[in-house]
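One letter stands for each residue in the lines below.
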Amino acid sequence: MPGSDPDIPTIRFSERRLANGLRVIVAPDHLAPVVAINLWYDVGSKHERPGKTGFAHLFEHFMFQGSGHVAKTEHMAIVQGSGGVCNATTYFDRTNYFETLPSNQLEVGLWLEADRMATLLDALSQENLDNQREVVKNEKRQTYDNRPYGSFYERLMAAVFPPEHPYQHTPIGSMADLDAASPDDVRQFFRDWYAPNNCVVSIVGDVDEEEAFAAAERWFGPIPANPAIAPFTAPALPARIGREVRETVPDAVPLVRIHFAFRTPPFGAAAFDALEVAAQILAGGKGSRLHRTLVRDRRIAQDVALFTLPLVSGSSICAGWATVRPEADPAEVEAGFLAELDRVAAEPVSDDELARARALIEAGELAGLGRVEEVADRLSQYATLFDRPELINEQLPRYLAVDAEAIRAVVADVFRPDNRAVITFVPQAAGAGAAA
Amino acid sequence: MSGLDILARRPAPAAPREYHFPRFERARLANGLTVITAHLPGRPLLAAQLVLEGGAGHEPADLAGVTALLARALPEGTAQRDAIAFVEATERLGAELHAEAGWETVAVTLEVPRRHFGPALALLAELALQPSFPAHEVERLRDERLNDLLQSTAEPRRRVERAFADTIYAPGVPYGRLLGGDEASVPRLDRVAIAARHAALLDPSAATLIVAGDLEGLPVVSLVAENLGSWPAGDGPAVAPGTPLPDDAGSPRLVLVDRPGSPQSELRIGHVGLKRRIPDFHAVAVMSVILGGLFNSRLQRLLREERGYTYGIGAGFDFRRSAGPFAVRTAVQTEVTAPAIADILGELRRIREAPIEAQELRDARDFLVGVFPLRFEAAAQVVGAITGLVVHGLPDDELDRYRQVVAALTEEEVHAAALAHVHPDAFSIVMVGDAERVVPGLETTGLGPLEIVREAVPTAVAEA
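The listed protein sequences correspond, in order, to chains W and A. What the first sequence shows, in this note's numbering, is residues 363 to 798, in sequence order. What the second sequence shows, in this note's numbering, is residues 17 to 480, in sequence order.
Hints in this document: simulated from the structure, not taken from any laboratory. All C-beta atoms in this analysis are idealised placements derived from N, C-alpha and C, irrespective of residue type, glycine included. Treat the hints with care, since some could be wrong.
Claimed, not checked - No farther apart than 16 Å at their CA atoms in a straight line, the calculated lysine to aspartate or glutamate pairs in the EDC-like style are these:
1. K648(W) with E104(A)
2. K648(W) with E112(A)
3. K648(W) with D665(W)
4. K434(W) with D492(W)
To be verified - These stretches of chain A come out as covered by chain W in the derived footprint (C-beta under 8 Å, 3 or more residues):
5. 52 to 66
6. 107 to 115
7. 126 to 136
8. 156 to 167
9. 344 to 351
Just chain W, same shape as in the assembly:
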């Protein structure tokens, strides 16, 4: 790509598949004496069945409650006592587990991951279930229920995807479903999804490639595969919602906020790349169009946002918001926000806007590829979602190849009245309590 930054590193990696189906990716990087281990299991909230929402995430918590040779709370204690950090997250398409350790502790990290992949159910108890259910319910309260505008995420997904669609509910799930979870549910979830052939392990950092592969074989090699895991297929969905969904939500908030969402092509499609560049031009910083028009020039919005979620099964979502200044008219802010989206569809973005967006995306790539934890996560991501870890070196050229016409086309296609949800949070009447 002419003009692109010569300092952008090419990530060199090798991959092997163990006999049990586990995909192992190794990328040596000796800048610092650290190693990142990252596992993606190909199971997320989209795999949950009705009445069992939130289980993928609840299960993720169990992965820290001990296993055959690791006591409750010992997993974290061993990682931290080894001088490392670890965590896990659950998303629509997957669940990931990761630790970054001093590189001499590589085997300890792999052992911990292998032990819970192989023997998690040995440590499962009703007591642990009850405890982690309460922890997760407090996570839901803290992250969503006790926050102003906290229900917007659930509402947007429910508006953009139809009932029973795998993306219709968010990973945190419902309190009622969490309350109904039994130890048998947890056991079944493990047997259904947690197996080496449903997982990718990436090892990035200060390691010898052959030694890392040998260590992965040593610890994960004996774990049996589960041949019963079927590939996921999403139900067919029209490209657009088909109508405008509108909702007004009274909440304990001082300022009106208007949330927008649109159904989009999935992450991985060229049109999705174009949409990400469009979002950068529209709301990616203080020079972006929405910020400039609504916040800086017209001064009717306190803040604005527009972003995509990287969902792969059939369709994804682009969402945004504008917080309305106290003296401004919400209808005017809504119209102004949508007018900026329309303007990108009607006339091409300028060469300078595109150049600025590309420069910022490139700098973001330099930051991301400079961290072993991020590189490991992306390798696992591209291998799990697209069966192509080499996308780690191809994604940036794809962004840089997006031109004004590609942006115009995707914006015209996605930001349409019959494809949007508009959810407006308004201050509830004085004296009414906060939503519980």
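Assemble the complex: chain W is given as a structure, and chain A must be docked to it using the hints.
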């Protein structure tokens, strides 16, 4: 399945590879500006930070927030271009450039790919030395701060932090205020106040520019001289570097800010803590990790893993030039507010009354020693750490000594830190939660008189 027997044996670590905090070098321009450079091979995203002496702690109380507003106004127009032209010039370089006020200093921060370092540094200098503070941009930023204060009333975390700082410090102590100013002070701020504040900060002899990243082939010091060398030496800084701020404590109180309907109570328990320059800093760091700094800390094990009261709990000291807060921070389900407080107070007593166990000391020490290199992968992190040395006047080898000092700490030294710096008699307890459901439980705890703050959440909507 017999192959799985291998899992019964936890593997031993290999020999650790040596690690040193990156070396850095100092230079001084003729006008007195100190320049620190750290060459980090293989880190092409460079970071730079200009640290100006005199932060929000040194501003007049009736103009609280003027330093923070000044920092936000710096990129909003210069002698050479207006706000939009400035932000666009920054974006063309793929640069992130902004200014932020702290309690003791103001920092102008740059991150930029190395190939654009020269022009980005010129923009940093333009922003710092030639801001024009257009009145209409300043007014917009001031209004945005007032709206932000309005929004903060709906956010339990921001409300509890504000109430906690206000509670633990004596009236008039800067650390007890909001760094960005409050509803009374912000309306007084204008471009005149900002420009005066800017002039007071601009003395190159009290400023430091730190640059880190892959500097191979970049003449950093001469680039800095080119861009910041014409900055005229002043008459000496308005505030001498290292001047301490007052940090007097208020009396211990039990405060509940009523937020009807809250599903959780936001809790802060603590008191005025410590300044950074103390002889037992490392022992305090290890003690904090054991108490509430690890996923596996005492507080986390009890309140999360045993009781299930919370998604997470932490405790620690915010080390500043003068004594910053010591706080336990958590959000607990409304129904268990009183027992959660009792559990927290129990752990705060136990860290003093019971000895530190050998295993927990080992885990905490090994954690801090082991994660040290993880903290400095990015150039911006290295710049941040060196900034800490500058702000606190610490010796250049402080960071390189860190691991060996931590590794040598004993149970007795860590316990002594708890006895010296955790004071059960001085605790204030500050909450934001649903008074109707929380008060009955609190009344049975004997924690002392409860002050209930009932503020109407403003709903200043001009909808009608």
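Violations among the numbered hints:
none
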